[in-house]
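Given the coordinates of chain A, work out where chain X should sit on it, guided by the hints.
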Amino acid sequence: MGNESKMKNRSDGQAFREGFRDGIPIGLGYFAVAFALGVAARSAGLNPLQGFMASITCLASAGQYAGFTVIAARASYLEIAVITLVANARYLLMSTALSQKIDPRRSLLHRFGVAWFVTDEIFAIETRQKGHLNPFYTYGAGAFAAPMWASGTAIGIMAGNLMPGRIVSALSVALFGMFLAVIIPPARKDKVILALVAVSFAASFAAARLPWISTLSSGTRIILLTVVLAALAALLFPHPSEDTKEDLG
Amino acid sequence: MNRSINLYILIMFAVSYVIRALPLTLIRGKIRSPFLQSFLYYVPYITLAVMTFPAIIESTQTPLSGLLALIAGLAAAWFGASLFQVASLCCVVVLISEFILL
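As given, the protein sequences belong to chains A and X, one line each in that order. Note that the first sequence covers residues 1 to 249 in our numbering. Note that the second sequence covers residues 1 to 102 in our numbering.
Hint data in this document are derived by calculation from the structure and do not stem from the laboratory. Since this is a predicted model, take the numbers as computed values, not measurements. Here a beta-carbon is modelled for each residue, glycine too, at the ideal position from N, C-alpha and C. Take these hints with a grain of salt, some might be off.
[Claimed, not checked] Covered stretches of chain A (in silico footprint by chain X; criterion: 3 or more residues with CB under 8 angstroms from a CB of chain X, positions within the stretch not fixed): (1) 19-32; (2) 53-64; (3) 80-87; (4) 170-176; (5) 199-212; (6) 220-232.
[Claimed, not checked] A short, non-exhaustive set of chain A residues, derived as facing chain X with CB atoms under 10 angstroms: (7) Pro238; (8) His239; (9) Pro240.
Looking at chain A on its own, in the form it has when it is part of the complex (with noise of 0.2 angstroms):
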């Protein structure tokens, strides 16, 4: 490892520190929000094992609180393929500027490291590397967030069972303000997106309720919400792509 990284201006040693020290936020934060998921987790019948292997091996608030609800309802394998691929889709955005963003001169292996550690707030302080993204950097910081997150989640189920009904409802809306966290800042300064956050949520309560549609699974319900309002806004609505391309700098 050392010699290709004596081209950088720091050594691989300095970028795990580096990520480590600014994982340690990120790690703390997940510990609160795995509690909560571990919540969900533990009504879905998982033990504090499989959700630690869940959560060390997913990475994914959303995703995996999509994923809990369709093993709650003990739905379909095929559901809960498709629940996580949408639940997920946005990390297909972030590996694609990770893509770009990562040292070139690193092997495929370091490309396979890193996606491992595709998370909102991973790929936040990624972005905010100047240059190339040294893997090492990403690999300090998950070395931290990642173990809390799981263990976050083991602790949340096993917990679960102690804690009185107040605590319980309490701790299942952080990860709701988690999904609020990531959305909102970005609708303040799109109208867009600002628009479509309303739409989403009208359109997500009418769907509970309206006859047939309200028959179908939650996870399903997402899925076809969101298929159908991202095409709709993509047609209405075409996004240029210029502030990524600023992002990989």
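Only chain X this time, still in chain A's reference frame:
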């Protein structure tokens, strides 16, 4: 039952990882279709919004506490609170409002 949960988790892992690994390892150039670009750009916001509401008011002990958490979360995120702050605030709002309401 146990085996099928493990299989569910395995499928979740396989799909999540493939989504993240394919573009990084295969795509070197830019995606050309403007429609697909736009579609993918909007997907996260719509999916997360659809998953948040009305689920947030159905996950709490009373719909009102969930609604208050939603409003507080929207306001906090709008004014730039971090992910951790927004998540904590929503929890605290539910805890306090249910303490008063129930």
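Hints and how they fare:
For the stretch 19-32 of chain A, the stated coverage by chain X is satisfied: 4 residues place a CB nearer than 8 angstroms to a CB of that chain, which reaches the threshold of 3. Closer than 8 angstroms: that is the beta-carbon criterion, and the stretch 53-64 of chain A has 9 residues meeting it against chain X, so the requirement of 3 holds. Here's how the stretch 80-87 of chain A fares: 6 of its residues keep a CB closer than 8 angstroms to some CB of chain X, so the rule of at least three is met and the hint holds. Given as covered by chain X, the stretch 170-176 of chain A passes the check, having 7 residues with a CB less than 8 angstroms from a CB of that chain where 3 are the minimum.
Against chain X, the stretch 199-212 of chain A contributes 6 residues with a C-beta closer than 8 angstroms to a partner C-beta. That satisfies the three-residue criterion, and the hint holds. As drawn, the stretch 220-232 of chain A meets chain X at 7 residues by the rule of a beta-carbon pair under 8 angstroms; at three or more, the given contact holds. Taking 10 angstroms as the C-beta contact cut-off toward chain X, the hint placing proline 238/A at the interface holds, the least distance being around 5 angstroms. Taking 10 angstroms as the C-beta contact cut-off toward chain X, the hint placing histidine 239/A at the interface holds, the least distance being around 4 angstroms.
The beta carbon of proline 240/A is positioned within 10 angstroms of a beta carbon in chain X (closest approach about 8 angstroms), and the interface hint is therefore held.
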